[in-house]
Amino acid sequence: MSGRRAPHPRRLAVALAASLPALAACPASPYPEVAVDLAASGAVPTGARPTNAPVFRFSVAAMQSPQDTFAGYSRLFARLAPKLEVEIELVQRRTYQEVNDLLANGQIDAALVCTGGYVDVARRLPGSVELVAVPVVHGKTTYRSYVIVPESSPAQEVKDLRGKRFAYTDDLSLSGFGYLAQLLREMGADARSYFGSVTFTHSHDRSTEAVARGVVDGAAVDSLVYEELARASPQIRAGTRVIHRSPEYGVAPVVASTRLPPERRAALRAALLRLHEDPEARAALGIVGFDRFIAPDPALYASAAALLGDRP
Amino acid sequence: VTAAAPRWFRGLRLWAKLAAFAVLGVVAMHAVHLVVGNRVAIRALARDQAQLGGGVARLVAGEAADPILLHDHVTLSEIVGRAAAIPGVAYCFIVRGGAVLASSFRNGTPAALLEARGARISGPIVVVDRDVGRYLDLEEPILRGDAGQVRLGIDMALLQSTRREIALPLGLVALAVIVAGVIAAVLVGRGVARPIDELVAAADRFDLTSDPRPVRPRGGPELERLGERFNRMMTRLRSAFEEQERAKQKAMTTERLAALGSLVAGVAHEVNNPLAGLKNAVRALRLDEADAKTRTEYLDLMDEALDRIREVVRRLLEFGRPRALEPVRVSPRTLAEDVTRLVGAVLRRRRIELATVAEPGVDGAAVSADPRALGQALLNLVLNAAYVTPDGGRITLRLRRRDGAVGIAVVDAGPGIPAAVRHRIFDPFFSTKPEGEGTGLGLSVSRAIVDSHHGEIEFACPPEGGTVATIWLPEAGEDGARRAS
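For the record, the sequence lines run as chains E and D. Take any residue in the first sequence, count from 1 to its spot, add 23: that is its number in the numbering used here. Take any residue in the second sequence, count from 1 to its spot, add 170: that is its number in the numbering used here.
Source of the hints: derived by calculation from the structure; they are not laboratory data. Take these hints with a grain of salt, some might be off.
What the hints assert, rightly or not - Stretches of chain D that chain E covers, calculated by requiring three or more beta carbons in the stretch to come under 8 angstroms of a beta carbon on chain E:
id, stretch
1, 275 to 285
2, 289 to 302
3, 310 to 322
Unchecked claim - Some chain D residues judged to face chain E by a derived CB distance under 8 angstroms, without partners named:
id, residue
4, I212
5, R213
6, A216
7, R217
8, A235
9, D236
10, L240
11, V244
12, V270
13, A272
As the list claims (entries may be wrong) - Simulated DEER-style distance windows between Cβ atoms:
id, chain 1, residue 1, chain 2, residue 2, range
14, D, R314, E, A212, 42 to 48 angstroms
15, E, A62, D, G195, 42 to 48 angstroms
16, D, S292, E, Q258, 39 to 45 angstroms
17, D, L222, E, G211, 53 to 59 angstroms
18, E, E174, D, S292, 40 to 46 angstroms
19, D, R314, E, I317, 28 to 34 angstroms
20, D, P339, E, A62, 31 to 37 angstroms
21, D, G251, E, E174, 27 to 33 angstroms
Beta carbons: idealized from backbone N, C-alpha and C, even for Gly.
Just need the whole structure built from these sequences, with the hints factored in.
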């Protein structure tokens, strides 16, 4: 017994006991731990943080979905901001009406409003806004309203959609509502009761998407937005079909609130008109589908005003 | 194990040790299970929760993008509220540029929670709120972070309760195994210990003076073999004991005869003198010269001489006859005087003086002894002393006393006992005397006699030379002891 070094049971026990804490040392959680004391911590109130820096509040009407608008215009404003020497805040609202109200109240300084929206605010609150610039899209400053249906739809013209599910964009939208409503009125029908069901999607891309997915049987959309979507998405291209095209109307302009001092309005116009000279800004303009901005011609919106003017 | 184990453990019964090992093993195993199993399970559950929570956070981020861009705080607050209402979700809030846009915390979001996640950490973290709660904190960017982040907290209390749920059945299983282990240990331990206990009882019962009762242990061939060897060993011990008893008796007889031989010379002298007196008296009576008064004197002398001869013969007869011990209360001085009378004649012929001296306090002390047997033991010591004492020397019988014992020491002035043979002097047939002069049985017989009186023989060789051989005997009766002190 004494000659052989038998494993000592007490040593074995000690080794076993020592290995337990080693096992326990491997963390129970696979994630890093941070110790806090929530009870003793101060509370941060909910709400946007007020800023003291001069901010230029620029809205873009929801012709596209808020996320696509944000993605496109954030970059454009990032190039525009140094030229105006202010920070630009992109303000979005669900409806055109809300943007118009903010403009009229002076809560925003400028906005890219849709044609229908511009005509509406100019008619209801004359002098509250000033045309600043007009974007040139694929060499043109005009666009149309399209009535689109799913590719598989048997409808060939608007009246084939009677009693079907239909999507409008916004009741202030020329291409997404105003034009078709006028067309139906001329047909002796009512825009809201002609179809079996009506949905306001508040953006042209959502309307297009709804048609492509077969959620609705038809929709009135902005031709520029639709063409852009059809170009980018095979699904839209293959899944939808245009059954009606409106005459051309002036594209959505940039307007400024007249509460903004004239010199700042002039500065905004000057910056926009020269924006395409900056290569990076030109790339940003391309993203939102614009070639450049040009000085506005009020006559451009006469046809739209005439169309929407006799609306009840 | 026995060498390393602490004393208390060595004292435990076998079944208790086995049970202790079983319990220890199960507890250790269970501890390892709990630690390792729990950890593995908890990590898996945490990952699972992070995955599910991440799904919720992504859903919230997708839902929240539009309301954030549209500044629709009502919808945002509804989304956050709905997310926080999902069972297991502790909190949900949306931050953008350091500001909280919506939060499930009604009275404001704790700043510590906002800052818990450094700028670099984007994966799941565990927020430990002192000892109050643990939250798996997830972050999901909204529009790649451009529109802010969703922060979602999963209450990890669910994990803790899961851990308890795992531990409970594991603990119950461990308890059941411990109970089963203890029962098994008791059964096995008892099974092993029972035949051992039987053997122990048999060993305790074993009496050398009677024939052994064989044991029949149950519990397997090993134990049967052990029992068989045990029985054989008892039988052998019994035989050896009987043999030893016979040898002892024989040795005592032999030694007695040897001592008798030593005494013969003295006896002859003792008998010779009265015989010479008798012879003279007979011759004088035969001459018929004496008157009546003188004849009467002669007859008295003859009677006296015959008495002396008869006394000598009686003592010799008594000496040679083996018999059982008959202890009586006797004083050490009496024993010393008896032996002096027995060897006096022999020693006188060699002009050796045999004196008895008593240490203070000895007088009055008594022992319980068979004077004849103890006389023989003492005689052996005296004869040994005489053997090494030169003619004209001196032997002293010193009566001693120590705590509870009385001693008779035989002190000689001889050469002492050589150190080399001291350990052998009690061996039977060991002798330093020339061949033919000693039997080698004297001291072994003396010791047997003293042993049977519950005493002991002590040898000392003082520096001044000689040997002191002391027979110590227990003091008899309290009266004597008290008188002596």
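Violated hints, by number in ascending order, as checked against the structure: When the structure is compared with the hints, numbers 11, 16 and 21 turn out to be violated.
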